[in-house]
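Chains as they are written, first to last, in the working numbering: chain A, 60 to 192; chain B, 60 to 192; chain C, 60 to 192; chain D, 60 to 192; chain E, 60 to 192; chain F, 60 to 192.
I should point out that these hints are in silico values taken from the structure, not numbers from a laboratory. Remember, predicted model here, so these are calculated numbers, not experimental data. There may be inaccurate statements among the hints.
You can't tell identical chains apart in this list, so a pair holds if it fits in one copy or across any two.
Within a straight-line C-alpha distance of at most 25 Å, the following computed SDA-like cross-link-like pairs (lysine to any residue) qualify [stated by the list, open to error]: (1) K154 / V116; (2) K154 / H101; (3) K154 / E75; (4) K154 / A72; (5) K154 / A191; (6) K154 / P184; (7) K154 / S73; (8) K154 / A74; (9) K154 / A70; (10) K154 / D71; (11) K154 / D186; (12) K154 / R114.
Protein chains: 6
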Amino acid sequence: MGAQRDPIEYADASAEVRAVYDDIMATRRVDWVNNFWKVLAHDPPTLRRLWGNLREVMAPGALDPLTKELLYLAVSVTNGCRYCIASHGASARNKGMTEQQLSELMAVIGLANETNRLATGYDVPVDARFTAS
Amino acid sequence: MGAQRDPIEYADASAEVRAVYDDIMATRRVDWVNNFWKVLAHDPPTLRRLWGNLREVMAPGALDPLTKELLYLAVSVTNGCRYCIASHGASARNKGMTEQQLSELMAVIGLANETNRLATGYDVPVDARFTAS
Amino acid sequence: MGAQRDPIEYADASAEVRAVYDDIMATRRVDWVNNFWKVLAHDPPTLRRLWGNLREVMAPGALDPLTKELLYLAVSVTNGCRYCIASHGASARNKGMTEQQLSELMAVIGLANETNRLATGYDVPVDARFTAS
Amino acid sequence: MGAQRDPIEYADASAEVRAVYDDIMATRRVDWVNNFWKVLAHDPPTLRRLWGNLREVMAPGALDPLTKELLYLAVSVTNGCRYCIASHGASARNKGMTEQQLSELMAVIGLANETNRLATGYDVPVDARFTAS
Amino acid sequence: MGAQRDPIEYADASAEVRAVYDDIMATRRVDWVNNFWKVLAHDPPTLRRLWGNLREVMAPGALDPLTKELLYLAVSVTNGCRYCIASHGASARNKGMTEQQLSELMAVIGLANETNRLATGYDVPVDARFTAS
Amino acid sequence: MGAQRDPIEYADASAEVRAVYDDIMATRRVDWVNNFWKVLAHDPPTLRRLWGNLREVMAPGALDPLTKELLYLAVSVTNGCRYCIASHGASARNKGMTEQQLSELMAVIGLANETNRLATGYDVPVDARFTAS
Numbered sequence: 060m061g062a063q064r065d066p067i068e069y070a071d072a073s074a075e076v077r078a079v080y081d082d083i084m085a086t087r088r089v090d091w092v093n094n095f096w097k098v099l100a101h102d103p104p105t106l107r108r109l110w111g112n113l114r115e116v117m118a119p120g121a122l123d124p125l126t127k128e129l130l131y132l133a134v135s136v137t138n139g140c141r142y143c144i145a146s147h148g149a150s151a152r153n154k155g156m157t158e159q160q161l162s163e164l165m166a167v168i169g170l171a172n173e174t175n176r177l178a179t180g181y182d183v184p185v186d187a188r189f190t191a192s
Numbered sequence: 060m061g062a063q064r065d066p067i068e069y070a071d072a073s074a075e076v077r078a079v080y081d082d083i084m085a086t087r088r089v090d091w092v093n094n095f096w097k098v099l100a101h102d103p104p105t106l107r108r109l110w111g112n113l114r115e116v117m118a119p120g121a122l123d124p125l126t127k128e129l130l131y132l133a134v135s136v137t138n139g140c141r142y143c144i145a146s147h148g149a150s151a152r153n154k155g156m157t158e159q160q161l162s163e164l165m166a167v168i169g170l171a172n173e174t175n176r177l178a179t180g181y182d183v184p185v186d187a188r189f190t191a192s
Numbered sequence: 060m061g062a063q064r065d066p067i068e069y070a071d072a073s074a075e076v077r078a079v080y081d082d083i084m085a086t087r088r089v090d091w092v093n094n095f096w097k098v099l100a101h102d103p104p105t106l107r108r109l110w111g112n113l114r115e116v117m118a119p120g121a122l123d124p125l126t127k128e129l130l131y132l133a134v135s136v137t138n139g140c141r142y143c144i145a146s147h148g149a150s151a152r153n154k155g156m157t158e159q160q161l162s163e164l165m166a167v168i169g170l171a172n173e174t175n176r177l178a179t180g181y182d183v184p185v186d187a188r189f190t191a192s
Numbered sequence: 060m061g062a063q064r065d066p067i068e069y070a071d072a073s074a075e076v077r078a079v080y081d082d083i084m085a086t087r088r089v090d091w092v093n094n095f096w097k098v099l100a101h102d103p104p105t106l107r108r109l110w111g112n113l114r115e116v117m118a119p120g121a122l123d124p125l126t127k128e129l130l131y132l133a134v135s136v137t138n139g140c141r142y143c144i145a146s147h148g149a150s151a152r153n154k155g156m157t158e159q160q161l162s163e164l165m166a167v168i169g170l171a172n173e174t175n176r177l178a179t180g181y182d183v184p185v186d187a188r189f190t191a192s
Numbered sequence: 060m061g062a063q064r065d066p067i068e069y070a071d072a073s074a075e076v077r078a079v080y081d082d083i084m085a086t087r088r089v090d091w092v093n094n095f096w097k098v099l100a101h102d103p104p105t106l107r108r109l110w111g112n113l114r115e116v117m118a119p120g121a122l123d124p125l126t127k128e129l130l131y132l133a134v135s136v137t138n139g140c141r142y143c144i145a146s147h148g149a150s151a152r153n154k155g156m157t158e159q160q161l162s163e164l165m166a167v168i169g170l171a172n173e174t175n176r177l178a179t180g181y182d183v184p185v186d187a188r189f190t191a192s
Numbered sequence: 060m061g062a063q064r065d066p067i068e069y070a071d072a073s074a075e076v077r078a079v080y081d082d083i084m085a086t087r088r089v090d091w092v093n094n095f096w097k098v099l100a101h102d103p104p105t106l107r108r109l110w111g112n113l114r115e116v117m118a119p120g121a122l123d124p125l126t127k128e129l130l131y132l133a134v135s136v137t138n139g140c141r142y143c144i145a146s147h148g149a150s151a152r153n154k155g156m157t158e159q160q161l162s163e164l165m166a167v168i169g170l171a172n173e174t175n176r177l178a179t180g181y182d183v184p185v186d187a188r189f190t191a192s
């Protein structure tokens with residue numbers, strides 16, 4: 060009840076949902092789908108829309124896939140999304156994140172959260188040099 | 060007054076504060092200090108402590124300096140710290156961030172904030188594969 | 060220890076606390092009280108004050124009770140309050156929220172969290188038309 | 060500099076960007092485009108992707124368009140996105156939000172933010188009734 | 060337009076609103092009312108309700124009034140509420156907050172925001188000693 | 060896997076890590092170290108840096124140690140950091156926090172989170188008196 064929904068397994072999924080699951084597995088070259096998508100599968104338009112967004116945004120570009128995963132982790136840790144930290148932590152590992160990189164990532168996240176509040180708390184005026192074009 | 064403090068200029072700073080300003084300028088190879096530090100200068104122990112933290116955390120390591128700035132931006136945007144977005148945006152530019160990288164950075168930040176809420180809202184159970192050691 | 064407190068059951072509650080419990084059950088036409096109030100019961104003035112606020116704010120008005128529950132959910136999901144998502148998700152169900160409405164609610168919450176960060180990250184200037192009276 | 064970008068006006072936009080602007084104006088039946096999209100226009104794939112998402116998510120469905128705008132506002136206020144409050148506040152007005160509805164909306168947002176913290180602070184255990192299927 | 064509302068001055072206020080303004084000034088022993096209440100005055104039930112809450116919560120008790128203002132500031136800085144930092148910063152000054160206390164307050168706020176993310180990011184298991192009763 | 064790390068017990072720790080553990084126990088006059096530090100121990104420079112920060116910031120000063128713990132709790136509750144609420148809740152108890160103080164702390168946290176959103180949502184203009192020097 061409430062807002063929770065049970066994950067929909069492949070065997071129980073509609074053809075429309077299976078098509079997205081298939082694309083997830085093919086794109087990632089894995090043979091399973093994680094719970095996030097199985098829960099969204101109750102709402103096929105959102106499943107399809109969000110998977111399309113993720114595939115486009117996380118594709119290699121001017122930023123490499125590992126950097127994108129680290130950025131995803133930085134947001135997820137700042138927001139306190141436990142599921143997202145677990146899933147994108149695993150993705151970052153799969154894309155080569157080392158122990159040392161994880162340590163440095165967390166150190167940057169922590170410090171940024173600290174200085175964000177000091178800048179906001181003291182209402183520091185933005186330096187003219189930062190806004191000059 | 061509330062919690063605001065006027066920036067302390069170099070000419071008006073104590074020897075203790077000037078030493079930190081000098082180290083900031085030498086480390087960054089610039090000839091000016093931004094307002095964040097000038098406001099913290101009212102509290103020299105915090106000025107020294109936070110600058111020491113920043114210098115250590117943002118130094119090149121397993122993650123390169125530009126990646127660290129992008130992570131700083133991801134946190135600052137998520138927290139809505141206007142000053143920090145301006146200052147770390149400028150730092151990222153100085154370290155080589157391109158227009159295309161900025162676009163991809165913002166796209167990842169936006170999408171992560173979206174999926175964070177869907178994972179939290181539906182209380183998606185963490186997949187056993189993500190926590191297996 | 061820490062900041063946790065055990066729920067106080069009706070049988071163990073003071074007359075002052077029971078009066079609030081009775082009003083909660085009568086207002087909601089149910090025969091039980093959820094843990095949020097039973098934990099607040101350690102602090103009777105806050106129990107009475109917050110229940111009074113909730114009863115007033117969530118009463119039918121220019122917005123109907125289901126819309127108010129959906130708004131409560133949107134805030135709770137954005138803040139990541141697991142208890143509140145569970146309790147207000149259940150309340151929304153009781154007030155008639157359908158599966159399709161839940162899907163659309165979550166889609167709006169997710170997208171709003173995404174575009175909030177893009178507007179903040181790029182520091183988009185507020186259009187003059189939005190502030191004109 | 061930093062992370063800011065100037066809005067791109069219609070006259071200066073590429074054909075790809077103009078096509079999105081045209082669709083925004085046609086969908087909304089207005090003759091102008093707000094700054095959010097004009098800033099995103101520096102990144103045409105994101106402009107097209109996000110407008111596509113917004114058009115799909117905010118379309119009438121099981122929730123009516125005004126309710127969706129109110130939900131958007133609830134998220135934007137909770138996140139403190141000043142631009143988004145201004146733009147979705149204006150949209151809600153255009154879709155018929157009354158003064159009384161705005162008052163009730165803000166009252167619900169405020170109270171939800173309050174009780175979210177009390178539930179989290181006291182780590183209230185989720186009632187078994189809320190998770191029973 | 061949007062969600063903004065002009066402050067209602069005493070001269071233009073209804074008797075119901077003036078009664079709250081009078082109580083605010085009498086309780087605080089000042090001869091003016093700040094904009095927060097003047098904006099809420101468009102919605103008299105919320106004005107009366109929230110002022111009643113504030114007067115009760117911020118009254119001297121087991122925590123002294125200055126400590127309560129510092130806590131209010133810690134929340135407001137963490138949430139990035141610029142108005143609230145200004146107003147509660149001024150209140151804290153009026154209740155005796157010294158420059159040194161302000162410096163220590165900000166240092167604690169900053170550090171807590173940092174360690175919060177490290178504890179969340181690494182998903183540190185709660186020590187059994189912390190939950191033992 | 061993901062971003063989690065197992066706590067490193069004293070018996071398994073390097074000399075460098077043990078030195079920090081020893082200082083934690085000596086400073087706090089206890090014979091154990093909580094999991095936060097044991098998890099950070101995988102990254103000795105961060106362990107040493109953050110413990111140094113905490114020891115300096117939380118030392119008695121213009122604010123007494125209990126007040127600092129209450130402020131830490133106010134931030135942790137606002138951010139929804141479950142571990143931090145448990146650990147700083149326990150620390151506050153050890154430093155003398157009473158049941159009544161805990162109740163008042165939570166009431167202030169809750170109300171501040173509420174009024175923060177109303178001030179932000181209505182975009183209340185900062186009173187000139189709050190910014191005058």
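The hints, checked one at a time:
1. K154 / V116: So K154 and V116 pass the 25 Å test inside a copy (16 Å) and across (23 Å) alike.
2. K154 / H101: between (29 Å within a copy, 21 Å between copies)
3. K154 / E75: Cα proximity of K154 and E75: none, with 29 Å in one copy and 31 Å across.
4. K154 / A72: neither (29 Å within a copy, 29 Å between copies)
5. K154 / A191: Intra 38 Å, inter 17 Å, cutoff 25 Å: inter-copy only.
6. K154 / P184: between (40 Å within a copy, 23 Å between copies)
7. K154 / S73: Neither: 31 Å inside a chain and 29 Å across chains, both beyond 25 Å.
8. K154 / A74: neither (30 Å within a copy, 33 Å between copies)
9. K154 / A70: neither (29 Å within a copy, 33 Å between copies)
10. K154 / D71: neither (31 Å within a copy, 30 Å between copies)
11. K154 / D186: This pair counts as between: shortest inter-copy Cα distance 18 Å, intra-copy 38 Å.
12. K154 / R114: Classified as within: same-chain Cα gap 15 Å, cross-chain 28 Å, threshold 25 Å.
When the structure is compared with the earlier hints, violations turn up for hints 3, 4, 7, 8, 9 and 10 and for no others.
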